[in-house]
Amino acid sequence: MAKRVLIVDDSRAVIATAELALEELIGSGVIEFKSYLNPAELLGNLQSGAENFDLLISDVNMPEMNGLDLSRSIKSDERFKTKPIIILTTESSEELKMKGKEIGVTGWMVKPFNDEKLVKSLKMVLGV
Amino acid sequence: MEQNTTQSRRERYLTFFLGEEQYGIAIDRIKEIIAIMKVTYVPKTPSYMKGVINLRGSIIPVVDTRLRFGMEEREADMHTAIIIVEVEKVNIGFIVDRVEEVASIDSAHLGVAPKFGSSVDTDFICSMAQIEENVVMILDLLKLFEADELVTLEQIQQTNTSEGE
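As you go down the protein sequences, you meet chains A and B in turn. Take the first sequence: its position 5, counted from the start at 1, is 5 in our numbering, and no numbers get skipped. Take the second sequence: its position 35, counted from the start at 1, is 35 in our numbering, and no numbers get skipped.
Just to be clear, a hint being listed does not mean it is correct.
[Claimed, not checked] Here are the simulated EDC-like cross-link-like pairs (lysine to aspartate or glutamate), alpha carbons at most 20 Å apart as the crow flies: (1) K31(B) - E23(A); (2) K31(B) - D69(A); (3) K111(A) - D77(B).
[Claimed, not checked] Chain B regions said to be covered by chain A (calculated; three or more residues, Cβ under 8 Å): (4) 29 to 41; (5) 125 to 131.
FYI, nobody ran anything at the bench for these hints, they're computed from the structure. Computed from a predicted model, the values in this text were never measured in an experiment. Ideal Cβ positions, reconstructed from N, Cα and C, are used throughout, including at glycine.
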């Protein structure tokens, strides 16, 4: 069964870039891909049970909600506690990365990202 | 879920906006999407040729898509992007107002582009499709350039690459 990969980012260009990088995995049915521009909408859908995921890729700086706060809220929910989250951001400060670690995010990638690296990380995390 | 991206009859397009109009390019031609960056002007080139960019050491000619389509030039903002596309083995950057999404369009929903009379050059629009309330014009990038223009772009790329070495 296809693994469900979600991305949340307020930039449509970043979402499109990630989707193009993952096109082969999407096209071959290894993953199904869904994007959100608004983290609050994603969180609402997860909490209501309308959404689920095998891997979440999240930006940090978004207008409605910070990606780390979003990750913390998701991780505090028993249903998603063990689900992997990869942070994809322009932020590279050690302080923020530490904060991410404490919250329990699986990986941290800095934009602009390398397509191959994204695919490799995703395959590794999902075991596909 | 509202969309199944894995059905075989669906074609995938990257869509973008120029003003209010939405356009699409088949994704197999797209190399990458980058934020607008410094474009170096190259003298004696067509007005729609914005110049060249140096992308990780590769010199890539960049087209102002608005000017190529006869639209007004526009100041770059935070949404302005360059879509790098491969046309006849030449990498070309297209400056667009904003990137929208990767969309799946059922090939059965692609309509023939209307003709606006012989005085209007719309040959580069190969088909039209509807995505939600928007009509998306699918571009045939090969037809966007005359053969000699592609040669010019290739020359610009080669000249600047060799000068940069």
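**Request:** Output the numbers, in ascending order, of every earlier hint that fails for this structure.
**Result:** 2 and 5
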